[in-house]
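Trainee: Chains as they are written, first to last, in my numbering: chain A, 165 to 280; chain B, 191 to 1062.
It should be emphasised that the hints constitute simulated quantities derived from the structure, not laboratory data. Glycine included, C-beta positions come from ideal geometry on N, C-alpha and C. There's no promise every hint is true.
[Stated by the list, open to error] Facing chain A, from chain B, some residues (calculated, C-beta under 8 Å):
hint: 1; residue: E217
hint: 2; residue: L220
hint: 3; residue: L223
hint: 4; residue: L228
hint: 5; residue: Y245
hint: 6; residue: D776
[Claimed, not checked] 30 Å max Cα-Cα, derived DSSO-like pairs, lysine-lysine:
hint: 7; chain 1: B; residue 1: K744; chain 2: B; residue 2: K852
hint: 8; chain 1: B; residue 1: K720; chain 2: B; residue 2: K583
hint: 9; chain 1: A; residue 1: K229; chain 2: B; residue 2: K238
hint: 10; chain 1: B; residue 1: K536; chain 2: B; residue 2: K865
hint: 11; chain 1: A; residue 1: K229; chain 2: B; residue 2: K240
hint: 12; chain 1: B; residue 1: K744; chain 2: B; residue 2: K536
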Amino acid sequence: MKETRLGDFEETILLLVGILGDEAYAFKISEEFEAQANRSVSIGAVHSTLSRLADKGFLTSEMGKPSAARGGRRKRIYSITAAGQKALVASRDFKLSLWKQYPGFSLGLDVGLTFG
Amino acid sequence: MTPESPISPPRLAQRFLEWFIREDLAEEVLGDLEEQFLVVLEEQSLVKAKLNYWYQVLNYLRPFAIRAFKQTHIMPVAMYQHYVKISWRNLLRNKVYSILNISGLAVGMACSILIFLWIQHELSYDQFHPHAENIYRLNAVAGGGEFKAAVSPAGMAEGLREEMPEIHSTLRLGGFDRRMAIFETEKEKYIEDDIFFADSNFLQFFDFPLIEGDKRTALYQPNGILLTESTAKKYFGDKEALGQTIMKDNQSPCIITGILADLPSHSHLQFSMILPLEMIAQTDPDLRNNVWDNFGFYSYIRFHEQAVNSPQKLKELVATIDKIYLDRSEQEIVFQLQALTDIHLKSEQQFDVPGHGNMQYVQILFLVAIFILLVACINFMNLATARSAHRSKEIGLRKVVGAKRSQLISQFLSESLIVSFLSIIIAVGLVYVLLPSFNDLSGKTLSFSLTKGPVWMGLGIIGLFTGLLSGSYPALFLSKFKPVQVLKGKRMMKGGNRAFRNGLVVTQFVVSLLMLIGTAVVYNQLHFIKNKHLGYDKSNLLYFPLSTELRNDKTSLESALMQNPLTSDFSLISELPAHLTSGALDLQWEGRDPNLQIVIPSIAVDDHFLEVFQIELLSGRGFSRSYSTDQSNFVVNETAVRLMGMTVENAVGKTISFQGQKGLIVGVVKDFHFKPLQYAIEPLILWWNKFYTGNGYAVVRAPARNTESTIEALKSIHTQLNPAVPLLYHFLDQDLDNQYEGEQQVGQICKLFAILAIFISCLGLYGLSAFMAEQRTKEIGIRKVLGANALGLVSLLSRDFFKLIAFALLLAIPIGWLLMREWLDGFAYRTEVSWWMLVGITLGLMLIAFLTVSHQVIKTALTNPVESLRSE
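Working from the sequences, and respecting the hints, build out all of it.
Mentor: Rendered as structure tokens:
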């Protein structure tokens, strides 16, 4: 059976794909990750995760338009599938329920929720 | 920014990435990394950017991104030795099978090599002239494209050269009415009927090497002639021929100024001697007046390099020629420039040199060659797949010990390549043995020599082609076996495999059948042509050409012939009605459409013509000496009557004019054939030969069963009137048969190869039946134990094969029928593809197939069941 659980890094990447929308391709995603997480990552690592997510059926991709900045090469744009959405929601809900059970942090969680 | 710009990612890193990255990822990854590179470059430094690029590249060394590398082997040599050894053992182990296989392939290859030699020869005509691509022949077209002739007027070549700067040089060949001459050495007389008169620059224009003599001066003496080497040998033996004098036609001495090497067989010009046109310049009216209105010469034009560099340019040149001609003449004639190298295969010109090829036949034979190879390859494939069961264990075991599929494929391919190259060696031997008979059959002088480079290449290509083609299916199919199933003992005889094999057998027989049907139709058509009634009686017609002496004294000839009862049935005519070529544009009648362009053939005849040829008169009368005006009157055929809008009844008595001569139609004859049967009957004008000045022929109808004595009588008459020259007689019906020589040769070649294709197919069938019988030994044993009789078993075993052959027949017969109707449509007079022929072929093939299969089948059916069931 295919592995369909989400790892932590995978979840982050999946979210970033959602955030970036039409600009979700390996280089942009890693750039965005570095900007948001303040942590460096290689494009190869991101790409490998992306392809794993695609294998799991959470992402689909298609080739975009060529652009001059890339030496006339096309980029692969990823987008989240329904299964990907579902997995994200399930993961969030699962963590939420854990946070709810965590003593003394429910307030913080509520605050966190408003950000979400 | 493009990768070529000065600031670009490090080349080495990029190359490394390109080397290991999966192909489908390369584009996006390279793009992403370049974008990253540019960003870093902008924000930081070039060095940083480059370092970062390397870092990113190395970070792509992840399983998902790396392409699947083929495992490379360290010692393929040992492996190949192993392949060869195993192939050899396999060949030895199944001797019958190997012999069937190799002999089938070898015969097939030998056939295709022979055919390719033939094709190559046909295609190579006149290529040996160094400027062949710049040389064209000037052809005339009249009658709005209806009438094409290879000839042009005497004055034209020179006239064009003066006006057209594109022309490098020109050459004329002429004197066609004097192509026959008698030459006399001190000892002997020889008749040559294939001499050419040529312009003096002949040796500069064409590249026929001169063995002796000076190329620059050889043809520049008015009486200096060139002999080919074999002609010189014939005349002078081993003695020096150069500088000798021989007497031409008893009157003019000629000095031999050059000896030409014997002509290559792929030259469209074939001759024994070249004489300078200068020699006849004073006596030939065309040459004397440099005429532009009588078409009596082959004119070759050599253009400057690059002058004809496009089809467009060629058209322009032709237009210029047409214009120049129009300024000089009133006749409505246009011209064509025919490339020298096209003359042999693509010519449909009247008055052309004899012995033409035909592009259609080249194409047909090319297909035949490919078909035969295909049939032979199919044999191999069939036998190999049929035997796959025997080898499945070997394959299973190989796989278990770690053989890859690609290795198995290369093993089987090398096996088939070994077989195909073994076959090539045998095929080459066969070609050497068969070439002389093939030359007889095809009327060529092909040679085959292994010392030429292209021959090796050709053989290599044939070997590779057959090896790979015939090995491809077994290789792909056998290597697919799953080891577990195979080793468990499961038979690998799936339905798909059998269907494929059956398909192959059907293809094989369809191809062979098509060739057989084709051959049968060609033969039938040839038979039809030879036996078609031509409208006159062609049997026992002897003819001989009139030499100068006889021509000048027709009256003595006539009275001499008349006196002998054996020869009294004679007629003097200008041209034989076998392949009439002459024609004129200027037939005039009342009510003629002035725009009509039509070339009307004509024969100058005498008063005996109709009786001698036994041509039926429909109305009026033939020429007669009792009417003095008949010398300017005409007899026409039915088609001519129709053309002029008259009827057979009312045509007689009408006035027409032809060749500038005005006269009455005195008779109408029934249509008869005066050209080969590819042509429909055209209008024909017969006129009195009193004014005819050309060579002409005397035709004599020998009394039945008295041919020998008639020839004797003719000889004595001839010696009496023209002692200088021996009599040169021919039979008209033989000449008529020879007209279809091309068809006949192709028919014979096709017959041979159709039989061989059937033979090869039967080899395959035999192998297959042997295999099938072997496979079903046990089944047959059990059936026999249970009471099946031999007859029932034979029908059981052969049923499958007959189904295949019946299916092949169903496919081949309609295809063959359609194709051959197409071919027959090329003849104006043709047979139909007849049903009895198809039935005959069907029955014949069934019989052959039965004989092939029966040996194995009967053997199996008669085996004592104890033998087959004893061991298990």
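Trainee: For each hint, tell me whether it holds in the structure or not.
Mentor: Results for each hint:
no.: 1; hint: E217; result: holds, 5 Å
no.: 2; hint: L220; result: holds, 6 Å
no.: 3; hint: L223; result: holds, 7 Å
no.: 4; hint: L228; result: holds, 6 Å
no.: 5; hint: Y245; result: holds, 7 Å
no.: 6; hint: D776; result: violated, 73 Å
no.: 7; hint: B/K744 to B/K852; result: holds, 24 Å
no.: 8; hint: B/K720 to B/K583; result: violated, 62 Å
no.: 9; hint: A/K229 to B/K238; result: holds, 28 Å
no.: 10; hint: B/K536 to B/K865; result: holds, 19 Å
no.: 11; hint: A/K229 to B/K240; result: holds, 26 Å
no.: 12; hint: B/K744 to B/K536; result: violated, 40 Å
Hint check: violations occur at hints 6, 8 and 12; the rest are consistent with the structure.
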